[in-house]
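Q: Residues per chain, in single letters:
There are 2 protein chains.
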Amino acid sequence: MSEETKAYIAGFLDGDGCLMAQLIKRTGYRFGFQIRLSIVFYQHVQNIHHLKWLKSLFKCGYIRTRKDNMAEYTIVGIPVVIKTIRQILPYLRLKKKQAQNLLKFERISKKPSKKEFIRFCRLVDNTVQYNFSKKRKNFTPEVLKHLAEINLSP
Amino acid sequence: MSEETKAYIAGFLDGDGCLMAQLIKRTGYRFGFQIRLSIVFYQHVQNIHHLKWLKSLFKCGYIRTRKDNMAEYTIVGIPVVIKTIRQILPYLRLKKKQAQNLLKFERISKKPSKKEFIRFCRLVDNTVQYNFSKKRKNFTPEVLKHLAEINLSP
Chain D
39 MSEETKAYIA GFLDGDGCLM AQLIKRTGYR FGFQIRLSIV FYQHVQNIHH LKWLKSLFKC
99 GYIRTRKDNM AEYTIVGIPV VIKTIRQILP YLRLKKKQAQ NLLKFERISK KPSKKEFIRF
159 CRLVDNTVQY NFSKKRKNFT PEVLKHLAEI NLSP
Chain P
39 MSEETKAYIA GFLDGDGCLM AQLIKRTGYR FGFQIRLSIV FYQHVQNIHH LKWLKSLFKC
99 GYIRTRKDNM AEYTIVGIPV VIKTIRQILP YLRLKKKQAQ NLLKFERISK KPSKKEFIRF
159 CRLVDNTVQY NFSKKRKNFT PEVLKHLAEI NLSP
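For the protein sequence lines, the chains are D and P, in the order given. At position 72 of the first sequence the residue is numbered 110 (my numbering), and the sequence of numbers has no breaks. At position 135 of the second sequence the residue is numbered 173 (my numbering), and the sequence of numbers has no breaks.
Same shape as in the complex, but just chain D (with noise of 0.2 angstroms):
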């Protein structure tokens, strides 16, 4: 990908993008809970070519189309967002911090014990201020207030 391309990108996200880190419950889930980073671009129907453009370039992620005439092209996973990010930080502006904070995300262990859990969960409310109108369920109480619940010791 070509450093303008990158810059390209970066100034895209900016305008129409979403970087999102959250906690999503999940059955199953040793915690609980599952910590999920996203990559979001929007698009009309109509320009769902752009959206495959941008999957073309990043070789991972999905586009699914909505009931409102909306096209979304999402990344999601710790992996492919860090590695989608790192390509375009140094273009990004707007969403550049937020950025750097989902690069934290990096040293979480594969099976992170409880304590480890629960820091990275206190990381996921912190991206929260950079998003500005984000319907968030779940925060770091909502983990703690389970893990009460299912008494586990950390």
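Do not take every clue at face value.
When chains are identical, the list treats them as one kind, so a pair holds in a single copy or across two.
[Said to hold, decoys possible] Here are the computed lysine-lysine pairs in the DSS-like style, where the Cα-Cα straight-line distance is at most 27 angstroms:
#1 K90 with K148
#2 K105 with K153
#3 K152 with K63
#4 K149 with K105
#5 K105 with K152
#6 K90 with K183
#7 K93 with K134
#8 K142 with K105
#9 K105 with K148
#10 K135 with K93
To be clear, the hints were calculated from the coordinates, so they are not data collected in a lab.
Assemble chain P onto chain D, guided by the hints.
A: Just chain P now, kept in the frame of chain D:
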């Protein structure tokens, strides 16, 4: 301006900016209408620094804050819009056709004949198809109606 900066701005404009050609009713104008070209970048007031950065690069236009906590950076006028577009055109993707359409207005005379003016009014009409939901009030028929009313010979 570096090529990467131009590419970044093209991406930002494709994501969240607007290129417009409009017919504005004006008393005192020879044909009763002004052909107005403009480029608008939007951002939450919290990020007004970003719009100020853009303005420092293009060295034209003005920034205003709206009551809904949004800020707009607007570049208006045929020569400045054309000059601005030329800088980012190679990197534009979604709004490239629209930008190329605006460049055609470079050829309008300072004192166009009625026939030439109407030709450019029709070109304004043609730019509509590239904008999704614009509240456009005036099209060439309104101009023709006005010209008939004031009984202006060609």
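Q: Confirm or reject each hint.
A: Now the hints, each set against the structure:
no. : hint           : in the structure
1   : K90 with K148  : neither (31 angstroms within a copy, 43 angstroms between copies)
2   : K105 with K153 : neither (41 angstroms within a copy, 45 angstroms between copies)
3   : K152 with K63  : within (16 angstroms within a copy, 67 angstroms between copies)
4   : K149 with K105 : neither (38 angstroms within a copy, 49 angstroms between copies)
5   : K105 with K152 : neither (40 angstroms within a copy, 46 angstroms between copies)
6   : K90 with K183  : neither (41 angstroms within a copy, 45 angstroms between copies)
7   : K93 with K134  : both (21 angstroms within a copy, 20 angstroms between copies)
8   : K142 with K105 : neither (35 angstroms within a copy, 37 angstroms between copies)
9   : K105 with K148 : neither (36 angstroms within a copy, 48 angstroms between copies)
10  : K135 with K93  : both (24 angstroms within a copy, 22 angstroms between copies)
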